[in-house]
Amino acid sequence: MAAPPSMLWLLLLALLVLGVRGEAEREALISERRDACNRLSNRGIHPRDPSQFPNRFRSHGGTLQYASPADANMTDLDCAGVALLREIIRPYSLSRPRYSNAPHLLYVERGSGLLGIVTPGCPTTFRNPFATPSCPHREEDRRRRRRRPYDYESESERESEYEYEEEEEDEHETRQRRQQQEQEQGQEKEGDTCQKVRRVKEGDLVVIFAGNTFWLDNDNPSQELRLVAIVDVSNNQNQLDRRYKTFLVSGEARLESEEGGEEGGVSRGVLQGFSNDVLQRALDIGNTTILRHIERRVSQQRQQGQGLHIRLHRGQLDIPHPRQRRGEESQQYYEPEYEEEEEEDEYKEEEEEYPCERRGRRRGSGNGVAEEGSCSMRLRQSLNRADNADIYVRGAGRVNLANALKMPALQVVGLAADYVKLERRGAMFAPSFVVNAHRIMYVTRGRGRIQIVDDKGRRVFSGEVRQGQFLLIPQNFAAVKEATAQIFEWVAFLTDGRPLREQLVGRNSLIQSMPRQVVAATCGIRGNEAEQLIGSRQQTVGPILTPPSSYYYSRSSSSSRTYPEDLDSTTESQTTETETKTEAETETEAEAQTETQPVTAVLTASA
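Here the sequence shown stands for residues -22 to -1, 1 to 585, where the numbers follow mature numbering (1 follows the signal peptide of the UniProt record, and there is no 0).
I should point out that these hints are in silico values taken from the structure, not numbers from a laboratory. Virtual Cβ for every residue (Gly too), placed ideally from N, Cα, C. Among the hints, erroneous ones may be present.
[Said to hold, decoys possible] Pairwise CB distance ranges, derived in the manner of DEER restraints:
#1 Asp262 x Gln30: 47 to 57 Å
#2 Gly505 x Asn214: 44 to 54 Å
#3 Phe225 x Arg494: 54 to 64 Å
#4 Leu478 x Lys434: 21 to 31 Å
#5 Ser491 x Asn16: 26 to 36 Å
#6 Val256 x Asn414: 40 to 50 Å
#7 Leu478 x Asn16: 15 to 25 Å
#8 Glu480 x Arg21: 24 to 34 Å
#9 Asn254 x Asn414: 48 to 58 Å
#10 Ser228 x Leu(-15): 37 to 47 Å
#11 Pro386 x Asp13: 29 to 39 Å
#12 Ala50 x Gln258: 37 to 47 Å
Let the hints inform the model, and build the full structure from the sequences given.
Have a look at this one:
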């Protein structure tokens, strides 16, 4: 039966009102961000230390600190429309599964661990290799790779090797017999299944879409897993407010907030929010014993100081992932003799979301929500590898880019990143500005001097930044960076998937692209002076600048080097500086021996 014309008109009117209201709210948000950027020019820009962020989750297993644009005195974040966070996961600790209202761009600053991302609608393609094998060719490949020629020193060693192979064959026959019995009984044992699990390590960049549930497991016995990220709360995927919101799947975590109010208190998992009778019917379980047990465990974890991060015992988690081998349940790390060859294929495997079905018939697409392309999209890229540098200048530094051209997932979230390393005191990142994006820097090592200039030609920031600090450089604000230590490296997050940068000096720069007469008239100088200005840095390709010929320093006088009055430098101990120099010089010499090309530049899309 067709709907009356009056109902159709009412429906169209309601849709029109909703559309107009949504557009008005979006315009208001954009206007607020513009006002924040204007206030930023008047008040100046200051580095952000994560230890001073107003919101934090703390527990025995780790810490998560973050700041949102809606927090007080966060004008720079309000201008950029992003939240900043730093997460530290202690050894043998698990970060609870959670999802957020906005996409993340995450960088692994230190350590390594396992990362699981659950994409709605995608199939569970990972299975425990120690349970019933659902991928026979992988089992055979693992056995074949382990059987490599050995040099036996005695007959007993050869016999022990034969005994090991016989035990392996007996174990395989036992597994086949058990599998056959289950098939005869009409039962199909899937084992432990999950969506893709990735091993992440220092220097990795990871994209997490809004609404994707993710968890992190630090299986390293001695090193913390440290991550930094921006959360694009102004992204179209976020239909809530400008606050960073974390939704736990299960458990409890106490949120400490300096502002108090609704941001403070205890965050409970969404499963704990439902009543037991509703969950019992939804899960189709006969009794509520499991649900009561979950409640008791949550209460015990709260009393033990467990929160967002859970402390585990060694080998407590047996998570299926490609780097784990049969017979090594308690060992979660790469075998040293295979580490180099696996490193080459590690990021190629990132696109293989169907490791077992690739050789045969593929499984269905889960609940039909997600397309195969979104399930197999590459979400991780090594950002700091020297052999992947897009721009390299011997003795000065390098730049690694991650944008939508290299990583399609960045096009979806509209974000990008780059990694910059200045490997010599006095080396500079050329004065430049980004045409279409804000830049959020995070210093991963060393320290350097930065100057930022706004639209009125004022220095809104002139000072030194050090390891562990964030700094915002707004869109079109020109900035220059100079290494004041032997090493100065940072990762920059950008709010556009294809950022475009304009350099002010160097070959093909803004100054060199204008006629000499225009430069002379604009700067009020003579023609020969304009020609000298245009001809400077002719051999420079890209933004990395070597120290000028007039820049001299010695190791003995470097610690007492002074800068202009507007430099807010920080002091460090002589011991720390000496250790940094030694480590940096060693790394620089190693890279200089391996690199053969003096300059390599790829400037199709830079950050």
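How the hints compare with the structure:
1. Asp262 x Gln30: 47 to 57 Å: holds (48 Å)
2. Gly505 x Asn214: 44 to 54 Å: With Cβ atoms ~51 Å apart, the hint holds.
3. Phe225 x Arg494: 54 to 64 Å: holds (59 Å)
4. Leu478 x Lys434: 21 to 31 Å: With a Cβ separation near 23 Å, Leu478 and Lys434 satisfy 21 to 31 Å, so the hint holds.
5. Ser491 x Asn16: 26 to 36 Å: holds (30 Å)
6. Val256 x Asn414: 40 to 50 Å: Holds, since Val256 and Asn414 (Cβ atoms, about 48 Å apart) stay within the stated range.
7. Leu478 x Asn16: 15 to 25 Å: Holds, since Leu478 and Asn16 (Cβ atoms, about 23 Å apart) stay within the stated range.
8. Glu480 x Arg21: 24 to 34 Å: Hint holds: Cβ distance 26 Å, inside 24 to 34 Å.
9. Asn254 x Asn414: 48 to 58 Å: Once the Cβ atoms are compared, 51 Å apart, the range 48 to 58 Å for Asn414 and Asn254 holds.
10. Ser228 x Leu(-15): 37 to 47 Å: This hint holds: roughly 45 Å between Cβ atoms.
11. Pro386 x Asp13: 29 to 39 Å: Given about 34 Å between the Cβ atoms, the range holds.
12. Ala50 x Gln258: 37 to 47 Å: holds (43 Å)
Checked against the numbered hints above, the structure breaks none of them.
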